[in-house]
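K.L.:
Sequences listed follow chains A and B, in order. The first sequence begins at 1 in full-length UniProt numbering and counts up by one. The second sequence begins at 1 in full-length UniProt numbering and counts up by one.
Honestly, the hints are just simulated from the structure, not real lab data. All C-beta atoms in this analysis are idealised placements derived from N, C-alpha and C, irrespective of residue type, glycine included. Honestly, I wouldn't trust all of these hints.
Some chain A residues near chain B, calculated using beta-carbon distances under 8 Å [to be verified]:
1. Arg-14
2. Gln-33
3. Gly-39
4. Asp-42
5. Gly-199
6. Gln-227
7. Glu-318
8. Gly-319
9. Ala-323
Number of protein chains: 2
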Amino acid sequence: MLAAPQVSAFLPPRRILMGPGPSDVYPEVLAAQARPTVGHLDPLFVGMMDEVKSLLQYAFQTANPMTVALSAPGSAGMEACFVNLVEPGEKVIVCRNGVFGERMRQNVVRLGAVPVLVDSPWGQPVDPDAVESALKANPDARFLAFVHAETSTGALSDAKTLCALAKSHGCLSIVDAVTSLGGVELRVDEWGVDAVYSGSQKCLSCVPGLSPLSFSPAAVDKLQARQSPVPSWFLDQTLVMAYWGGGKRSYHHTAPVNTLYALHESLRQLAGEGLEAAWQRHRDMHLILRDGLEKLGLKFVVDAAARLPQLNAVYIPEGIDDAAARNRLLQEYNLEIGGGLGDLAGKAWRIGLMGYGARRENVALCLKALESVLK
Amino acid sequence: MLAAPQVSAFLPPRRILMGPGPSDVYPEVLAAQARPTVGHLDPLFVGMMDEVKSLLQYAFQTANPMTVALSAPGSAGMEACFVNLVEPGEKVIVCRNGVFGERMRQNVVRLGAVPVLVDSPWGQPVDPDAVESALKANPDARFLAFVHAETSTGALSDAKTLCALAKSHGCLSIVDAVTSLGGVELRVDEWGVDAVYSGSQKCLSCVPGLSPLSFSPAAVDKLQARQSPVPSWFLDQTLVMAYWGGGKRSYHHTAPVNTLYALHESLRQLAGEGLEAAWQRHRDMHLILRDGLEKLGLKFVVDAAARLPQLNAVYIPEGIDDAAARNRLLQEYNLEIGGGLGDLAGKAWRIGLMGYGARRENVALCLKALESVLK
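Required output: the full structure, derived from the provided sequences and hints.
P.N.:
Okay, structure coming up:
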């Protein structure tokens, strides 16, 4: 027998999470998650899932019946959109202005589908004119895929305009709302978004591990008209919906019961505050943070017009050691901010104001702690 | 704006979970899960992940460096094995003696690979002689896939013999240990298991949502020698290992931080008890339960020699209404037992004695409550 390792209980400190996610979790969510586990087919649990669905429909502003929380993180949500909707050989216009647009491209390629790239410089939003040109040049394209709020740069793209362009060219839209949901305006039905996914650990301030997902009726039609089976059994939404849908609940996989308690509670907190109030709070906190960062001499990566309130990317000043500075914030202040990702690695910091994390006390702490490490 | 739904906090009762999983969760695990969320790249969290890995290696009895907890349930663990190791056109011998062997077949087919089925009747273990014949008849087969502990029937197959057969015919073995890990003997290295996956919510008595997974060096070689990219980005173990592996932790996806706290604690409980002591406890509790069930006149689906201690499938006596009886157990005793699945739906109950759930008080409650509803 291999011997049992001697391991102590893990007792994490209380960090203040102001990176790109996970964000500060509502205390009520942590408490909800610790409630007793019930069976995934227990009638009480099934009733709670119905509530999660209606709370997700509210957060997405959609009446889509196919609205669920996938039992896996946001990157599985991205994959679920592509793997269910896109068939081998189909053309997908992929907008790439950061890490997550590139990940979309990789998903398309792995499926044997054909990506058409619309590139924008890192830190800029997707360019609707370039998208329109690509749509015109590729009349056989079936999808337009883009990231609403690019977590790697802090740029907000104009999802409303982009989805309208997709529709007018006969394309379905696939939208990454991982960092946008709950933090900035997102209106799935009004804007005509066809497939959208998010993550539990950003502006919903839930623990990480789940991916809210919603398909429009047009997306469901596309799924049902597939010529080939969905290549992934786990992510096949026709099977998932047999469990999440109304009526008889068919076993598909064991739902992550306690994490769904957590999501239920975080969505309840959002509904209690109100979506528009939450969007406003993110803007308000961002403005205070922005003023403070500018006073410290920090420059934003993204122009004001496209700046995400919930993700503030700023260049690291010359002469400051990235890792050492972030380590001091963590060790001395229990404060986590994010490093740069991809092209911005080592060059920028990403300061999150997400969900429950977007509070005055966090902004104040962050500014004071940064002032100290920038001295 | 769509209006916010009015939803109350979800306050589940304390159920006693004696179905096929989720099982009764250790109270220490629920407490661990509620600890403050830290970042998935926080040095303290990364240290905890190293401990999870060594605890998983202990539970699996393996030194495999590629041992991780996937950020999704056991069915994603199954898919991860097939999607990483099996390429289109390759032949896989799939043993089918219940629901989960059939699910393996579906995974193989969706990948464009070729399943060769070895069927055994429901309730019986996989037949090594039939497997050997299939291996001889298919010298071009690359894999042997089977379920160690079939959750749909309660049958235990002889994994040691089957893996030895696979090896002697040049096949890699893919083993479903969802219900076996922690409940019955499983020795990954000694038995030569090449790819094995499990679930957090069975005999580990953690909350549902994670899938422990381990690949042997031979399986890693097969993965690295692939001609085609892994079709799934989310499940691509070459990417996952860049995060779970030693050295620099590369961001792949946001780990389910709090659920990993829970798994860490549940594995710590198992290591504290000792694996062999846990196996013995499952056997001991099973014998007491078996005697009581037989006194109530209930007949087992599986012969004694292949019976899983942690999953007791018994036929529903004639004249007893399945749904009504289970509903009474739930409403009057807060006791959940499982219904039948697949061929056994409506015909059998599945009584779980998994992990923390395998205790004298649970056995006593279950027997007394069953006595009452069978009257």
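K.L.:
If a hint holds in the structure, say so; if it doesn't, say that too.
P.N.:
Results for each hint:
| no. | hint | verdict |
| --- | --- | --- |
| 1 | Arg-14 | holds (5 Å) |
| 2 | Gln-33 | holds (6 Å) |
| 3 | Gly-39 | holds (5 Å) |
| 4 | Asp-42 | holds (7 Å) |
| 5 | Gly-199 | holds (7 Å) |
| 6 | Gln-227 | violated (14 Å) |
| 7 | Glu-318 | violated (25 Å) |
| 8 | Gly-319 | violated (24 Å) |
| 9 | Ala-323 | violated (11 Å) |
Going through the hint list in order, the structure does not satisfy hints 6, 7, 8, 9.
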